[in-house]
Amino acid sequence: MSGRGEIDRLVTLLGRLPGLGPRSARRAALALLRQPQARMLPLADALAQAAHAVRTCSHCGNLDTSDPCAICVDPSRDEGLVCVVENVGDLWALERAGVHRGVYQVLGGTLSALSGTGPDDLNVQPLLDRIAAGGVREVILALGATVEGATTMHWLHERLARFDVRISRVGQGVPVGGALDVLDDGTLAAAIMARRPA
Amino acid sequence: MEWEAPALVLSATPYGEGSAIVHVLTGEYGLYHGLARGGSSSRGRAVWQTGNLVRARWVARLSEQLGTITAETVHASAARILDYPVPLAILASLCALADGSLPEREPHLAVFQGLTSLLARISLDPEWAEREGMAEVVRWELLLLSELGFGLDLGHCALGGDSGDLKWVSPRTGRAVSDERAGEWRDRLLPLPAFVLDSDQVGTPQDWYDGLRLSGHFLHRDAFGQRHRPVPEARGRLADMIARKADIVPPGQAGEDEPAEPDGHNPVDKP
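Residue numbers (this note's numbering), protein chains in the order written: chain A, 1 to 198; chain B, 199 to 469.
One chain only, chain A, in its complex shape (with noise of 0.2 Å):
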């Protein structure tokens, strides 16, 4: 491999990323070695601002470069209601859909017996902070209907239910655009599970 080692470390950092295995990896290497000057520098000279200036809120957990970030110190969000997600990418979802007004927590994972991460590893003691503080008024439990998110969500409703605040969690069934004869049966059991008055 004489000759090829810069291609093949920059082909090995990205199949480490999530999402991208040794075939894309190789396919991304191969369009940035194309065009250096139009993607590549660019890239390298974004990747490098990132990383110096990106840093972790201190509030909620959010990725921006200021902390506390530019959703916790945004004066139009209703800081009463608290929206807990399990990451940052459903943080973004979220923003992106623009449903949510309030303010969020980014708890950094969900409990999971195979991964390892316990009540310790969770980011809740700034929730906890934030409710006891008062000016709280609902949080909303937003997490993946999967073992691991319900889980965490009984864990996190059990700590919170000492607060006088009121806890919700988002819904669960069929989803917009779904026909009822292509959803798998877990779906269809949580959805009629979850029905309400029509």
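What the hints contain is simulated information worked out from the structure, not anything from laboratory work.
Pairs of lysine to any residue, SDA-like flavour, derived with a Cα cap of 20 Å:
(1) B:Lys443 / A:Leu160
(2) B:Lys443 / A:Ala161
(3) B:Lys443 / B:Glu431
(4) B:Lys443 / A:Arg159
(5) B:Lys443 / A:His157
(6) B:Lys443 / A:Arg162
(7) B:Lys443 / A:Trp155
(8) B:Lys443 / A:Glu158
(9) B:Lys443 / A:His154
Just a sample of chain A residues kept apart from chain B, beta carbon distances all over 12 Å, derived:
(10) Pro36
(11) Ala50
(12) Arg55
(13) Ser58
(14) His59
(15) Gly80
(16) Asp90
(17) Asp129
(18) Ile140
(19) Leu180
Per the computed footprint, the stretches of chain B lying under chain A, defined by three or more beta-carbons under 8 Å from a beta-carbon of chain A, are:
(20) 242–253
(21) 281–290
(22) 428–439
Since we're looking at a predicted model, the values are computed, not measured. Here a beta-carbon is modelled for each residue, glycine too, at the ideal position from N, C-alpha and C.
Fit chain B to the given chain A structure using the hints.
Below, chain B without anything else, positioned relative to chain A:
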């Protein structure tokens, strides 16, 4: 090499581009690992939820290989109990125990059948699980110990006492002791709840907690301890829930005055 059989999903770890390494338990072939292509995609994740009963097909060129596994859902247990804390904790605990303690590719039909029927019943009637399911959970854990070669001897009193009065178990030998013969050793023995010996009884939260202490001690020391692994945290969370139902402060959350277990660890909670 290939097989096709009903299987319980014990765990699934995302791997590569949308795939997952899954662990399944079958009656005929035991615990198997396999690569599920698309297993962590939005469609695949629903199939590979912990506790689901699936019709699985495992294929590999050589038996030593990891192999690939495909499946169709037969019964989606997890989706039915996501809203129920105790049944969900039971499901997570039982699957984690089977996943962490059973040897690979060694059939344990009784463990599979017991777990399948227990999970099916819990998911079809979560309120039964809250009311009386814990007795079955403890019995299944004792069955698991027995299948792994660490069965308890609960048939008669180890000290020659009345076999109709068995109330205690020696944490060292795993043999039952009658209440009469326990005497001054009582504080150092593990309580043996009546529902363990009498399948008609369902017990109280205190009995369930005692049952979890009993099986937990031997799971910690033998089934997991001998493999130098910790008992899964999911079981500790279940035990904490039951302790709260029984109005007991779990030893791990108590003050320094809380009496320690005979071997210095909390057999119910994490080691």
